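Chains as they are written, first to last, in the UniProt record's numbering: chain F, 1 to 284; chain Z, 1 to 263.
Hints may be right or wrong, so weigh each one.
What the hints assert, rightly or not - In silico contact screen, one side only, chain F against chain Z (beta carbon under 8 Å); selected entries:
{"hint": "1", "residue": "86"}
{"hint": "2", "residue": "103"}
{"hint": "3", "residue": "249"}
Claimed, not checked - Pair ranges (Cβ atoms, derived):
{"hint": "4", "chain 1": "Z", "residue 1": "25", "chain 2": "F", "residue 2": "184", "range": "44 to 50 Å"}
{"hint": "5", "chain 1": "F", "residue 1": "138", "chain 2": "Z", "residue 2": "171", "range": "29 to 35 Å"}
{"hint": "6", "chain 1": "F", "residue 1": "184", "chain 2": "Z", "residue 2": "111", "range": "27 to 33 Å"}
{"hint": "7", "chain 1": "Z", "residue 1": "166", "chain 2": "F", "residue 2": "25", "range": "54 to 60 Å"}
{"hint": "8", "chain 1": "Z", "residue 1": "178", "chain 2": "F", "residue 2": "70", "range": "41 to 47 Å"}
{"hint": "9", "chain 1": "Z", "residue 1": "233", "chain 2": "F", "residue 2": "90", "range": "46 to 52 Å"}
{"hint": "10", "chain 1": "Z", "residue 1": "249", "chain 2": "F", "residue 2": "108", "range": "26 to 32 Å"}
{"hint": "11", "chain 1": "Z", "residue 1": "25", "chain 2": "F", "residue 2": "139", "range": "43 to 49 Å"}
{"hint": "12", "chain 1": "F", "residue 1": "132", "chain 2": "Z", "residue 2": "47", "range": "50 to 56 Å"}
{"hint": "13", "chain 1": "F", "residue 1": "131", "chain 2": "Z", "residue 2": "84", "range": "19 to 25 Å"}
{"hint": "14", "chain 1": "F", "residue 1": "108", "chain 2": "Z", "residue 2": "25", "range": "31 to 37 Å"}
{"hint": "15", "chain 1": "F", "residue 1": "170", "chain 2": "Z", "residue 2": "25", "range": "35 to 41 Å"}
{"hint": "16", "chain 1": "Z", "residue 1": "189", "chain 2": "F", "residue 2": "85", "range": "48 to 54 Å"}
{"hint": "17", "chain 1": "F", "residue 1": "184", "chain 2": "Z", "residue 2": "249", "range": "29 to 35 Å"}
It is worth saying that the hints were derived from the structure and are not from the lab. If you're wondering where the values come from, they're calculated on a predicted model, not measured in any experiment. Beta carbons are placed, not taken as given, at the ideal position from N, Cα and C, and that holds for glycine.
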Amino acid sequence: MAIEMSGVTKAFRGGVRALAGVDLRVRCGTVGLLGANGAGKTTLLRVLTGALRPTAGRVAVGGRDLATGSGRRAAQRDIGYLPQELSPYPDLTGREFLDYMALLKGIGDRRFRRAHVAELLARVGLTDDGARRIAAYSGGMRRRLGIAQSLLGDPGLLVLDEPTAGLDPEERMRFRSLLADLGRDRTVVLSTHLLDDVAQACSTAAVLAGGRLVFHGAVGDLAAVARGRTYEVPADAPAGARSTVVRASPAGQRVVAGAAPPRGRPVAPTLEDGYIALLRSDPG
Amino acid sequence: MTLSSLVPGVVGTLRYEARMAIRQRALWYAVVPLALLALAASWHPPAEIADPVRHVGGATLVTGLLCTFGIGVVLADRVARGLGPGMGDLIAAAPCPAWTRLPAVLAASLGVALAVPLLVVLVCAVPAAVADGGARPLAAAAAAFATVLVPGAAALAALACLLGLVLPMALARIATAGIWLWSTIASPQLLPMPTPTGTLLSPVGGYPAAAWFGERSVWADRGLPGLLSPAPGTGTALANLAVLAAFTALFLTLAGLIAARRR
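This is chain F alone, in the form it adopts within the complex (with noise of 0.2 Å):
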């Protein structure tokens, strides 16, 4: 399903600018949205939705313009969508919670609403605790839940907002594994901080800073904004003047730099070189 944002800005009172004209085209398959605390990542994502009206610019989802009430809630029911952080009601149950999301999203016919929430029970693992109250949950139970519900109608546009937060590793490479099987046949958008679930879920990424977006390509293109920049350190060499450090270990540094450091070997960049040289080149 085709995302199409144009000059999307979104001011708050006060002033504060989470959106400055966004320009984002998106025709299928799975985006990973990166930045860092305060981009504006969770902003454009419930812009996207239509759970925010944008300042200024337009949003169409699938065609439909989210501006007019029909196109935005024709959308709607074509639009999985996870918050950030979920806290479903905690006196109904796992169930209970699907069918009354799977109701506010229009899907009407009872028999296919029960065999549906089973179905995603099932996928998410909730099956034997689908009768239990949300309040006896855990946090990865709950998170499970919440991906749950984006599946409600089988959506064309997925928008996950840090869809791992919370899961543990085993958790995490399932719903990796589930991610994947998702992007084949619908546009997913997933918000994270973990340049691996990019890596290993997203076709392209797209990078906010400070509101604007800075980046929008192919994962390996992303990859590629550190290419000639990424170099090895000793642990005993300096860093470096204008270097990034990427990451440190007692064998030395990995940095990103904009001239070789001394006694820096030159490396083949990864995403994660990539993401920083981009945001080290334009901070917002």
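Start from chain F and add chain Z according to the hints.
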């Protein structure tokens, strides 16, 4: 947008908000003791009931005065809790407009909360039915419940939800209780301050109770002057209900606007 496309969202909201209200222990802790108090105050054996319909009207008035107080205090968090982390955005991203969802949230919670006072009113109508020798007082009890108790409870619950959005929750509950007492029993004859008590603006249900059930009107016959305290009658009772409906709509609209701005 067709009406049928809105039905699942409204049905879901009514069903699950009611279920959550049923599971909210605080609701029962607040309402049941007040309901028992109302029952104790309004219960009379058949031999003591001279006018069965008037008895039912009076019982409804007392039950509403006591129970609505607890209901309003407990339901103050109904809208605010839907704006908790992530849930506000999730609901805003659903194709169910707030103008249909918000009244359903209030109706579901209020419907559950009002089950107890309804039971009290019906129980009080049983000896009246025995005294009357027919089911007329039971029908009068249902009518009194709908016209005397429900409109004021809806207005107070909507106000409580609004206060829950603009004040810290504990303060919103205290303010709700204070406003109910101020607008229902705090007469200018008792307090040196203007109050809606005894006027068409009061949510206690005195005008319908007096006009349609023969109950002695609360304060309205105690010499309060002014345009807003006319003698009870069908016209003034209807005016009182219209005022309460308008207040309910106003409070819900404001709550919806504030909830949208909060996101």
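Each hint tested on the structure:
no.: 1; hint: 86; in the structure: holds (3 Å)
no.: 2; hint: 103; in the structure: holds (3 Å)
no.: 3; hint: 249; in the structure: violated (36 Å)
no.: 4; hint: Z:25 x F:184: 44 to 50 Å; in the structure: holds (46 Å)
no.: 5; hint: F:138 x Z:171: 29 to 35 Å; in the structure: holds (33 Å)
no.: 6; hint: F:184 x Z:111: 27 to 33 Å; in the structure: violated (45 Å)
no.: 7; hint: Z:166 x F:25: 54 to 60 Å; in the structure: violated (41 Å)
no.: 8; hint: Z:178 x F:70: 41 to 47 Å; in the structure: holds (43 Å)
no.: 9; hint: Z:233 x F:90: 46 to 52 Å; in the structure: holds (49 Å)
no.: 10; hint: Z:249 x F:108: 26 to 32 Å; in the structure: holds (27 Å)
no.: 11; hint: Z:25 x F:139: 43 to 49 Å; in the structure: violated (24 Å)
no.: 12; hint: F:132 x Z:47: 50 to 56 Å; in the structure: holds (53 Å)
no.: 13; hint: F:131 x Z:84: 19 to 25 Å; in the structure: holds (23 Å)
no.: 14; hint: F:108 x Z:25: 31 to 37 Å; in the structure: holds (32 Å)
no.: 15; hint: F:170 x Z:25: 35 to 41 Å; in the structure: holds (36 Å)
no.: 16; hint: Z:189 x F:85: 48 to 54 Å; in the structure: holds (52 Å)
no.: 17; hint: F:184 x Z:249: 29 to 35 Å; in the structure: violated (48 Å)
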